[in-house]
Structures are given as structure tokens and as C-alpha cells.
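A.B. asks: Let chain A serve as the given structure and place chain B with the ligands on it in line with the hints.
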Amino acid sequence: MAERVLMKGNEALAEAAIQAGCRHFFGYPITPQTEINAYLSRRMPKIGGTYLQAESELAAVNMVMGAASAGVRAMTSSSSPGISLKTEGISYMIGSDLPCLIVNVQRCGPGLGGIRPSQADYNQATKAPGHGDSHILVFAPATVQEMVDIPFKAFDLAERYRMPAMILADGLLGQMMEPVVFTDESAKQNEKPWATTGHENKRPPNFVTSLYLDPAILEQKVTERFARYAEIEENEVMTEGSYLEDAELVVVAFGATARICRGAVNQARTMGMRVGLLRPVTLWPFPKKQLRQLAGTAKHVLTVEMNMGQMVNDVRLAVSGAAEVHFYGRAGGMVPTPQDVLAEMRRILGGEQA
Amino acid sequence: MSVVYKKSPVLTDAPMHYCPGCGHGIIHKLVAETLVELDVVGKTIFVASVGCSALAYNYFKLDMVQSPHGRALAVATGVKRALPNHVVFTYQGDGDLAAIGTAETIHAAARGEKLSVVFVNNAIYGMTGGQMAPTTMPGQVTQTSPYGRSTETAGYPVRVCEMLATLDGVAYAERVAVDTVPHIRKAKAAIKKAFSNQLAGRGFSIVEVLSQCPTNWALPPLQAIEWLKENMIPYYPLGVFKDTAAEGGE
Ligand SMILES: Cc1ncc(C[n+]2csc(CCOP(=O)(O)OP(=O)(O)O)c2C)c(N)n1
Ligand code: SF4
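Line by line, the protein sequences give chains A and B. Start counting the first sequence at -14; every next residue gets the next number (the working numbering). Start counting the second sequence at 7; every next residue gets the next number (the working numbering).
Isolated chain B (complex conformation):
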């Protein structure tokens, strides 16, 4: 009998703490598969952020550094400068990457650090129990925008890929989602590309993944998927915003 599907050997047997229907589990799997397919597990350093994925070191058989909230890309810069021939990646939520870590994000991108970034945009602060994020949708109710995000007082969501695509140091920026099987396949291809770029020495590569947080959206998992489709994708269009390899601009 042939094995048609098995768990990635990079993932541990620890039961994941993520809530049912959470996107983090799917994204972990895509990252794990990518590292095995590219055969880089032994030379990869995972730089974890602070958010629901802070416990990711329980799930990956990788060398890992746990950075302070928002500083993952500064920490990753330090690791990569010390180990230029290794594979270094960050895995960050929207609060981490686009609020408290905005400066670190923009400048790692502007310097063209040869890093891969998996950016999980779930429009909310998951770990701390559902407060407003910089990516929270206008009108979205959260613990700290109880009347819905007012653009008058809380401004507008940040479109990270579009913003970073303007920087010359960025080699690749793509937004994907994990709401449907075809989207998940695309997400996998994008993540693989971000890591391949690093192996080719191409520069900063970011994949923004629109992801469900059923718990803090207060929706059952299936409705959360619908909510993502109806609210997030129109505001955060999927697609490639920059790809210097495709443009032949290596």
C-alpha cells in the first residue's frame, strides 16, 4: 500500500493548541512541507514572534529563536548576518508585524535582508483575546472596538504587501489565503517561492496569508471562512505585488 498523505517529518507529535478552525495549523503545515521539499530542515532557523504562534517551537523540529513582540525581523536580521548561508524565516501575526514591529518590518525589507517572512493576517490580536489590530476591518467589532472599528478615530487597515512592494529591497510580495483548497495550494506555492528566493539570494520575500480566527471573530469555523471571503479578500486583494525574479530583475 502506498502512502498518499502523511504528516510532515518536521512537525512534532505535540497536540497543537490552536483553536478548531484556526488558520495557523494549516499555515504551519505548508511551511513544514516546504522545508522538507527544499531539503533545508537541518540548516533552517525559525524566528518566532509573539502572538498565538509563540508556542510554535513545540510543533517544529527546527532550531528556533523566540523574539520579543514585533522584533522578529530584527532578530532574524541578526541571525542571518551571523549565518548567511542558512535559511532564516520569521512567522508573524498582524499585530506583531504591522503594529509594534512596523519599523523593523519596513527596514528589514528596505535593506533587502535575505529572509523569508510568513505573515499571518487574521485582522485581530488573537493571543491576547481579540483586540483591534492594525488590519482590523472598518466596522469590525473587537474587544477594543466594541462599536465596530471607527475609521474616524481608529483609522484604516494597513495593506502590508502593497506598502512593502514599493521598496526596492523587496524581491517578492504576495498575498494568499487559506479559506479554500485552491487558495491553500496557491499559498503553498507562494511560501515555497519565498524560501526558494532566499536560497537563490534574492532578497526580502514576504507572503501575507489571510487567515481565520474563529474564536475572536466569534464565529463557527465555517462561517469564519465565509467572513474572510466576504470581508477580507475584497479589502486585501490576493495576488502578487512584486516578484523581481519574474520580472527578470535579479
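Next comes chain A alone, as it looks inside the complex:
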């Protein structure tokens, strides 16, 4: 039985990436994710891996692209302003059908913003991770244990669907310490017959490219990719729910905010309020169907985020008028408290429940 160890979120994620078979990390320091760089700079040289501190996030993500082209598990990690720079490489990797892992330990923007926790990059991650028609897999861990479990899943799905995966964490999770268990599941890697590893004069050359000047061919490429996206939306949605069966009010929150909401929901239940919590673990694919179903029984949906209202738009689309959708958010690095959320719930249910 694997033992429990106490670890900081960022370090747990870094160790998990190694155990998931990643030996190539390219990064650039930025708060609040620097522990990932520091941890991997200690560990990689000891296990024959590559830790490379690049000259910028642009360079780092393109190094990931090179390593991914060569068929290895490669990753980079950054925080919001750095992710903006990485969008170029992310778009090229999407267009080249390359798997990789990108970590965004979000801070608040826009611009240099602040270094306190935030979830304001939700739209960027799920809607426009780079230019062009595209998606990436987006995972939102809410516990340090999930910072451990998700890298395995992320690399595996990224390879199976041939696309980048992102872990969208936040400063709270990155810095938080919790006991975790590393199950020594030996990371199985997927076949990569497309990788540019030198053809050894034994097979036709492989090209990793996003360039298709013929519109008919490019349209076909994009359409093929969207067929894969449809498959992902059908099969790979991950959520966690509590008290949903009889909930009149469903709170929807992800990441660290979901932890806060869980506290509020538990408290509300002791007060006799029929509230439940739906936590999307995958933000893309988004749990549309599940929300639509919940909206059949619940009258209200409350979305709580550390931003000015981003996921709430996906919630509105999913619910499409079947329930009343409310939003509570804080910005700038301010973190909502369980009391804030409880107050929102009471306000919404006010007239209807004692």
C-alpha cells in the first residue's frame, strides 16, 4: 500500500508529472507556480530527465512542441501572464495534433495584475487557448490529491486524442499542503507512429505541421479535429457532485472555489436548505448534459467563481432557461468565503424556504 505524504500542491503536481513518465520540462519562473520549476530542476537531473529554464514562455512552449514532436511526454508550467505568451505554441500544437501538458497556476489579471489566486483565465483556457478553431483538454483540480492524479489522466488523454492538455489550477491550490498518495501505476504511454524520430530509411518521412495552404485540406483537418472533440465531449467529462438528488439550488464551482462552496453547502444542509454542489473536474469538455438534467429538477443554479463571471456563461448555455442562473464572484485576488456563498444561497432561496 502506497504511503501518504504531506505535499504542497505545486510540488505534488511536479512529482506526479515525473511519475506519469514526463522527462522533459521547459519553464520560466513566475509566481505562483515557481515551486514546479524549482522541484523539477532538483529532480530531473537525478533521473536523466531534462529541466530547461528557457529565455521566455514563448521559447519554453516551443521547446515543448519540439520534444512532443519527437514523441516524448513534455510539459511546461506557468501562470497567467506567461500563459498569454504560450498561446502561440499552444495553437501550433493544436494545429499539429501534438500531445503535451501545460499547467496554469492562475493569478489575477489583466496585465501584470496581482499574484493572488484567481480563476480569470477560464475563458482563455476553454474558449480561445490560441488562435483558430480549437480546443484543449482543461482539468481543474480541487485537492492536492487531484494535482497528483490529473497529470496521469491528462497525458494519457492528450496522447489518445492527440492534443494539448491543460491543468488550470490557482494560487490557493498551488500553495496548499495536504496528504497525498502516489499510486505506483506505471504510466503506460501510447504509440506515436507520427513522431519525428528520424525515419531510419525504413518508413516514409513524418511531418509535424499546422501549415495547410489548400483550404479544402485545411477544412478537412479542422473537421477531423472537431469530430475528435465531439467524441471527447461524449466520453471524457469528469465531475464530482454532492447532495444533487433533491437539490432545489445547485451550486456550480470548480477548483479552489468548489472547496469553499462545499463548506457553504454542508452548512446550508444543516440549516435545512435543499442545496447541492456540482464541481466540473473537466472544464473542457464541460458537463453540459449533466447540468441540463439537473436544471430539470432544480429551480436555481448558482455559479461561484474567482472572476467576474466566465464559467457562468457555459452554465447558462447548458441550462438554457430551464432554471434561473445566478452568479457570485470575486476578482483581483479576493477569495469568496463560505459565509458569502451562504448569504447568496439564502438570498436566492429566501422566499421559498424557511
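One or more hints might be untrue.
Each computed DMTMM-like pair below joins lysine to aspartate or glutamate, with the alpha-carbon atoms no more than 20 Å apart [unchecked claim]: (1) A:274 with A:225; (2) A:273 with A:219; (3) A:177 with A:309; (4) A:187 with B:43; (5) B:49 with A:185; (6) B:192 with B:232; (7) B:67 with A:219; (8) A:173 with A:163; (9) B:192 with B:19; (10) A:273 with A:309; (11) B:198 with B:232; (12) A:187 with B:232.
For the record, the hints were derived by calculation from the structure and aren't laboratory data.
C.D. replies: Relative to chain A, chain B with the ligands alone:
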């Protein structure tokens, strides 16, 4: 009858899209011959850039990665770190390597990445139709320097080899040209050296090739060669700027 000249087996039969008199075709041939002579075709990864050579994957029977504009040396770094025993090279224009990709270039060189770089300096942005490049000559007319490059407002051309030669990570930096047969022979020797260095694990090797872009210089091919000789070579002197193997500094 013996064959005295044939097309390199690394090149495909696809007709090249380069304009008549363009230097890219000659440089492709030199790279292709080198890879065959060194017997590394099967273990080479070509990292293409964005510029007129972006379509090079049509012409080489090599595994290839098409990188974003300017990032070829970052992409190549990633490939080489994943496949340290393979041969990895970039082929970049002056806009790609010396403008948008300057940081990637300098830091790949400073890290001494064991890569070979074929840097095609044609003093212009070819692919996008002839705009000013960081290597455009003072006074040179381009689409975006219609009155001639003003050093007052647009500054001075960048001499890449001289600049990189100051970095300890660089094993080899040489500037050559493809305007005459003797120069082409020298260019071939330089390219071969850049790849041999990589096989010997020597560090960053760059060959800057002064090359004609008749189309965007608005000159017929022969006059373009004259223009290169009269304008570029005096500003960009040919020669070896650094060679650690020759200095015995391996
Ligand atoms: C990010 C980005 N900016 C601009 C472009 C447009 N663009 C394509 S090629 C090029 C310049 C190419 O010039 P050079 O590198 O000198 O190569 P050449 O075509 O002369 O061989 C530019 C600006 C692009 N593709 N990507
Ligand atoms: S535009 Fe210039 S560099 Fe491009 S193919 Fe034509 S001659 Fe060559």
C-alpha cells in the same frame, strides 16, 4: 557510362516553388548533399521555419517539424533534448532568425545547443512580398522602406555571425554566399562542417548564407547576383568568425 552528376536522393521530385534565380534552391541542394555524404539521412530531423522555405517539407525526404515564425531554435532545442543522438537542424530566413526569433537564436547559441543552423540572409522578407528585414541594407528600397532604409528611423542591419561569435556556447560561425561557383563550394564545405560539428558533439554551429531574392529585390537573376556582390558582401564580410575545433578548443 558513369554518372557525374545526379540529384540528391534526399530531395523529392516535387517541382520547387522558389522563384527563378532564388538562392534557396541552391542551399537546399547543399544541405541535401551534406546529409547523404555524412550518411545521416535516416536520423535527421529538419526543423523548418516560416518564410519562403516553409514549404521545404515538400522537397526533403526527412522527418520534419514546422515551427512558428521565429521559434525554430526553441523547437529544435526540444527535439534535440528528446533525441540527443539524432541530427537536428534549422533552416531559417533573416526575418525568422534575426527579428522575431532573436531571443530564441541568442539563447540557443548561448546554451551551446548541439544544433546546426542554416541561416539564409537575403536582406528582405521574401515570403510576405518584400518588406524590410533586420538585415536590409541602408538605403535599400523595400515595400515598407519605400524611400530606402533610413538608418535614422529604422536603424542598422544586424550582423548575426559577428554577434553570435561573442558567445561561448557557439562552436562555429561562418558566413558564406551562393553568388558564384567558388562561393557555393565554400558554402557547401561550411554546411558540412556545421553538421560534422553536431555529430562530434561540439555545440552550436551556424552558417549564414548570403542569398539572392531577385523577385523582391526587383532585379533579374544575374543582376541580383551583382547586387549581392556589390552591396551585401562589403557589409557582411564572408569568412569564419568562430571555429572552436580549429582553435583546438574542443
Ligand atoms: C507571428 C507571425 N508574424 C508574421 C508572419 C508573417 N511572415 C511570414 S514569413 C515572414 C518573413 C519571412 O522572411 P524571412 O525570414 O527573411 O524568410 P524569406 O521568406 O526571406 O526566406 C513573415 C513576416 C507569420 N507567419 N507569423
Ligand atoms: S520571394 Fe525571394 S526568397 Fe522567396 S522564393 Fe522568391 S526569390 Fe526566393
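A.B. asks: Any hints this thing doesn't respect? Which numbers, in order?
C.D. replies: 3, 7, 8, 9, 11 and 12
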